[in-house]
Structures are given as C-alpha cells and as structure tokens.
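Engineer: Each chain is listed here by its residues.
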Amino acid sequence: MADICSLKDAVASHVHDGDTVTLEGFTHLIPSGAGHELIRQKLRGLTLIRMTPDLIFDQLIGMGCAAKVVFAWGGNPGVGSLHRLRDAVENHWPQTIEIEEYSHAGMANAFVAGASNLPFAVLRGYKSTDLKKFNDRIRSVICPFTGEELAAVPALRPDVGIIHGQRADRKGNVLIHGIVGLQKEAVLSAKRAIVTVEEIVDELCPPANSCILPHWVVDAVSVVPGGAHPSYALGYYERDNSFYIAWDTIAKDRNVFIQWMEQHVLGTGNFSEFRASIDGIWAEEVHE
Amino acid sequence: MTIADFTTNEMMTVAAARMLKNGTVCFVGIGLPSQAANLARLTHAPEVVLIYESGPIGTKPDVLPLSIGDGVLADTADTVVPTHEIFRYWLQGGHIDVGFLGGAQIDRFGNINTTVIGDYNNPKVRLPGAGGAPEIADQAGEVFVVMRQGPRSFVEKIDFLTSAGYLDGGDAREKLGIEGKGPTRVITDLCILEPEQGSQEFVVTSIHHGISREQISAATGWGIRFANEVIETAAPTQEELSTLRALLARTAEAHQKNK
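Residue numbers (the working numbering), protein chains in the order written: chain A, 1 to 288; chain B, 1 to 259.
It should be emphasised that the hints constitute simulated quantities derived from the structure, not laboratory data.
Predicted model only: the values in this text are computed from it and were never measured.
Just so it is clear, CB atoms sit at the ideal spot from N, CA and C, and this is done for glycine as well.
Don't take each hint at face value.
[To be verified] Okay, the calculated bits of chain B under chain A, using three or more residues with CB under 8 angstroms as the criterion: (1) 61–72; (2) 78–84; (3) 134–141; (4) 168–179.
Taking the hints into account, I'd like the entire structure generated from these sequences.
Structural biologist: What follows is the structure in structure tokens.
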C-alpha cells in the first residue's frame, strides 16, 4: 500500500547507507528530484544502478554518495562526457568507485529477470566484447535443449527502486506513458519502491495499455512537480536541452561543481526551491 | 551538372544516408547515424523504418533528437515499446535489417571501441561505454558505421573491443557464431570503405570528391589499402544538400527554443 508523503520522508524511510538503489528512466522521466534528495540526506556507500547514468549520477558520484556504479552507458546525451563520473574513474575523486559494466541488452534482461524473480537472465550477446574480460558476472549457460551456449547475467534485485511518473491517484496508483524505459522493471525488481509524480489526481483515467503501477507494488508516492527536469515528462514539459549543455561547464571543474551543488541542492530544501534557485541564473553563472 | 559547394561533413552524412534503402528497418544510434538515417527518410527512402533503443519504432521526427529518447521520437512513432522489448523482441528477435553505429576508435576489421582510451582499470579517457552497440553490432542483419576519419580514431589497435566487426579478420566472426553479417560499410568524411572479401579488412572503395589518396592515408593509423577499382563518391545533389541543411536548421531552432 503506497504511503503518500513528502519526498524527504519517503527517502528517509526507505533508503539507507550502503543500499543498492536504482533510479531508472530512459532519457524521459528521469527522477532528478529524488536524486537530489539522496544527496541532501547525505547517503553514503550506495551501489547505484542505472542503464544510462547521466546528470543525476554525475551529481551523486561527485557528492560522494556512490561506492559502486552498475551501468551500460555513462554520458551527457547529445553533449559529451560525465565529468564527475570520469573524475571518479580516472582520478579517484572524490573517492574510488567500483564499476560493473554491461551493455544495454544485458541490463534490460537483468531487470526483467529481477522483476520475474529469476536468479539470472539469458540472452544472445557478449560473444566477443571485452566487457566480459573485466566483468566476471557476465558468464554463459548451455541450453539444456539444444546445447547452444548463451550469455548469462545475474538478475538485478535492488533494495530500492526509484522512478518518476506523470501522475498518481489518491490511493497511489501510478500512471506512466510515453517512453517507459525500464521503469516498471525497476519497481518490480526492487524490495522497496519510491515513485515521484508531477501531480496527484482524483481519477487516473489511463488510456488503454498505458503503464500502470498499482498502489500495492509501490511503497511511497511523492508529488515533485518538474521532478524529471532537465529531462522531460510527456504531456507536462519538454527536455531542457540547454541545461544539459550548461551542465558540461558546471561539472568540468571540481570547485565550480561543489559550489554549484552546495548553493542549489544542499542549500535548498526541495526540488521546487532548487528550480527557483536556478531559474534564469545558471546560464549567466556558467558563462562568467 | 555543376557540383555545389559542400563540406566534408555534409558529404559524409549524404553518403551514409544513401546506403539506406526504402523500406529498410534500421536501428539508429544517436549523433551522426541519426542525422544520416533521417536524411534518408526525408529524401530517397520515405518508407525507411527507424528504431531507437529507448523504445520508439517507426519514428518520423521533424527535427533531430539531441538524446536517444527525446519526446519527438515518441510523438511521431508508430508504436513505443519498453526498452527491454527493443532488445529482446525486435533486435534479438531478428527484425533489424541495418544497425547504424558510430564510435570513438575503429580498426582495419571494423571492430569498434566506445569504452576507454588506455587501460580499462586505469584509463586515460573514460568514454561513455557500450550502450546498445555490442548487440546491435552482433544481431542486426548488417551494420553501417559512420565516423570522422583521423589517425586517432582509425587506429592500428583499438584499446578496448566494445562492438565486434570481423575480430581478427577472415572467418573469425563467423566461427564465433555471431548472428549478423557485420559491418559492410564504413562511411567517413573522406571516403567509403568496404571489407575485402576473404580477409575482411576494410579497404577504400570510393573517394569523396576533392579528397586525395594521400589525405586518406594520413588520416588512417594503419597502412590503409585501396581496392583495385576505386570510384569517386557522387557529390551531394542540390536536393540532398538543401534537405540536410533545412533539417539541421530546424533542429538548431527547436533546441534553442527549449531554453
């Protein structure tokens, strides 16, 4: 049964130091507001799972929340590098992080296996890539029917799954539509699930075949308007491409990054305050 | 017929776009592949089916997406499926004719690195990583690669094998039982390369207008060879150029507006 509460309370109740946490959303509905709350509550030693780490992982890594990152593609989409991820991997700043690296197909299958209560996923792949040389959890199985060798990856079973959806009703049933990525799997594979939404409505009125997460698979639902910024929420707002471009400059320099995070994330109480604090000023700031 | 003024980048995108046939089902990577695939759709191949790994199938964006999952891809798609379905049912299921990829490094056998420069455990440059590319490279019917050519990207030895070309050449790929045919074209800003039958080493088969063999050799980190018969790549037509320029202008304007 979903508890409808503030994001602050949701994170405090369900996320603990050392947890394995996934924040999913494939370029759409990225739970940025929830990522900020993990940083504000100074969570440490997290294993962070995300198929495409982007700005929120850059922030979590740079602020020292991550002990390990499980991923397939870590970049700033359409812009370039994640400088904080790179600094951690290349220079061990602010600390050494362990990385466990797959391809998209491997992680997508691993989430499906987790949601299906299976220990591992079977797929065609990893026949030649060097990824398996550096990740000993990419293994193989023999098909008991044909004798064919297939790739196997362990199921993803995070402690906490965090996603952002368009809206929920008063019971906590969640509606997601548009590019749904691996959000359903992130919730169903996790022990506990937090969903942030744009709004809570009396009636969801879901279009046929839309992605619904019933309230009884979600632990907490929090209203975080604009909570996917700078990504987008179909039907609510568009992707803030200029923020992705600006992030490159903010994240490039350790001091600029820390100062920016202290002022805009640690220095604000929630995502609405964060949005107000960057409204119209970040562009000038980074060009100074 | 006069040859219009065009840049080497425009020639690359146009040459890459021409590779896609009308009706081809194409799995599109972000960046240069996306530009070329959409140019094909807007010129000679209106029925080309574009699939992006975030879930849109049969998408027809009027501006180029900045990310692999921009809203415009979902808004204009025939259908949007969950990401795992893209990889499991559509790619692994064998429904993709062409995978369109880019890369940071490529070798003479079309093997691609998008993971690290230097040692994996102590990298000089940590690149974004594999994403969807390894399985696209394995399972698409064939693969087209589009990359700018230079001695640091066209290298004797890639630092990390992210996505398979022909591995060590010859029948190495086939022997491993990799499903798809592999890379059949590499399109650059200087030329078009194709695998030489037997060795599977990429050789130059078409040189873009105004480019010399010396330029190509200087931009390649291995002793690049030229096919016995090398043709000149037809210059972009006025239609190709104006369509590409209009697409890029619309894209720039749309992304500016989102500020």
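Engineer: Now look at each hint and say whether the structure bears it out.
Structural biologist: Now for the hints, and whether the structure bears them out:
Chain A is given as covering the segment 61–72 of chain B, and this holds because 7 residues of the stretch bring a CB closer than 8 angstroms to a CB of that chain, at least three being needed. With a cut-off of 8 angstroms between beta carbons, the segment 78–84 of chain B has 4 residues touching chain A; three or more are needed, and the interface restraint holds. Only when three residues or more bring their CB closer than 8 angstroms to a CB of chain A does the claim for the segment 134–141 of chain B stand; here the count is 4, and the claim holds. Closer than 8 angstroms: that is the beta-carbon criterion, and the segment 168–179 of chain B has 5 residues meeting it against chain A, so the requirement of 3 holds.
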